[in-house]
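Peer 1: Take the sequence shown: its position 116, counting from 1, is numbered 117 in the working numbering, and each next residue is one higher.
Calculated from the structure, these hints are not laboratory results. It is possible that some hints are incorrect.
Said to hold, decoys possible - Derived lysine-lysine pairs resembling BS3-like cross-links, with alpha carbons at most 30 angstroms apart:
| # | residue 1 | residue 2 |
| --- | --- | --- |
| 1 | 43 | 59 |
| 2 | 90 | 10 |
| 3 | 42 | 120 |
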Amino acid sequence: MTSLYHYTKLSNLEKIVKTDSIDLIANFYEKFNQKDYAWIKKYAESIVREICEEKNWKYDPDILSHRPYIISFCEKTNSKYMWKYFGNKGKGIVLEFNQEKLCQEANSTDNYACLVPCKYVSSNKDREKIKHIIMEIANDDLLCENTEADKHIFAVMGMMMDNYSKQKEVRYVQIEQKLSKASYKKGTEIIKDYVVQEKDWSRHLLFPKDILTKVIFGKNVDDDDVRKYTDYLKYMGYDSITIEQAR
Numbered sequence: 002m003t004s005l006y007h008y009t010k011l012s013n014l015e016k017i018v019k020t021d022s023i024d025l026i027a028n029f030y031e032k033f034n035q036k037d038y039a040w041i042k043k044y045a046e047s048i049v050r051e052i053c054e055e056k057n058w059k060y061d062p063d064i065l066s067h068r069p070y071i072i073s074f075c076e077k078t079n080s081k082y083m084w085k086y087f088g089n090k091g092k093g094i095v096l097e098f099n100q101e102k103l104c105q106e107a108n109s110t111d112n113y114a115c116l117v118p119c120k121y122v123s124s125n126k127d128r129e130k131i132k133h134i135i136m137e138i139a140n141d142d143l144l145c146e147n148t149e150a151d152k153h154i155f156a157v158m159g160m161m162m163d164n165y166s167k168q169k170e171v172r173y174v175q176i177e178q179k180l181s182k183a184s185y186k187k188g189t190e191i192i193k194d195y196v197v198q199e200k201d202w203s204r205h206l207l208f209p210k211d212i213l214t215k216v217i218f219g220k221n222v223d224d225d226d227v228r229k230y231t232d233y234l235k236y237m238g239y240d241s242i243t244i245e246q247a248r
């Protein structure tokens, strides 16, 4: 089994782990800064179009306006960097998830989702390098269930700058498919771009509870909290998962 890891604050355990589901927050790309996802977006449309035209692949030009919701996972089980910046300096938790089941969930959804491994680039000005990395991500097994064009559209969302490389990120990406909205004024149809309001920049995505395989308490979580949240997990029906504490 391949695993992915989600580092978070201890208090988030009760928000995420429910009796019948795993409730994770996906954030709209507008919440990310220019050095994270937003920088690649301005390059992506022309690069993906170029790749598809070179390969003679059909693609939907509207989808090239890709606007993703993103959940971040890490490939490393005990990352000092991730504990420091996302695991509340060892006072938080790591949730271990079954990657294969997450991938199945992405491929079975009607909401246009995919697991996307991240690759890192040192410059946002080297177009050929960016193009090469997009194609490399697109060939990853995690994207194999998609059409060739869609593989490259999703692959763009795995492009990251080098200063994020320690995150070793794999992203669960769900694309917002609403592109425009229609209204009528005095019998005339008016088409406007659909704008995701800031209040909707976070979205709850529910996953089957069996994607969770392990809970790891940070090394600085005290014994009382370990007992409290272990009891919570058992009360919620997660008796079969592994529960341990980092050293």
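Peer 1: Are the hints correct? Go through all of them and say.
Peer 2: Comparing the hints with the structure gives:
| no. | hint | verdict |
| --- | --- | --- |
| 1 | 43 / 59 | 21 angstroms, holds |
| 2 | 90 / 10 | 9 angstroms, holds |
| 3 | 42 / 120 | 15 angstroms, holds |
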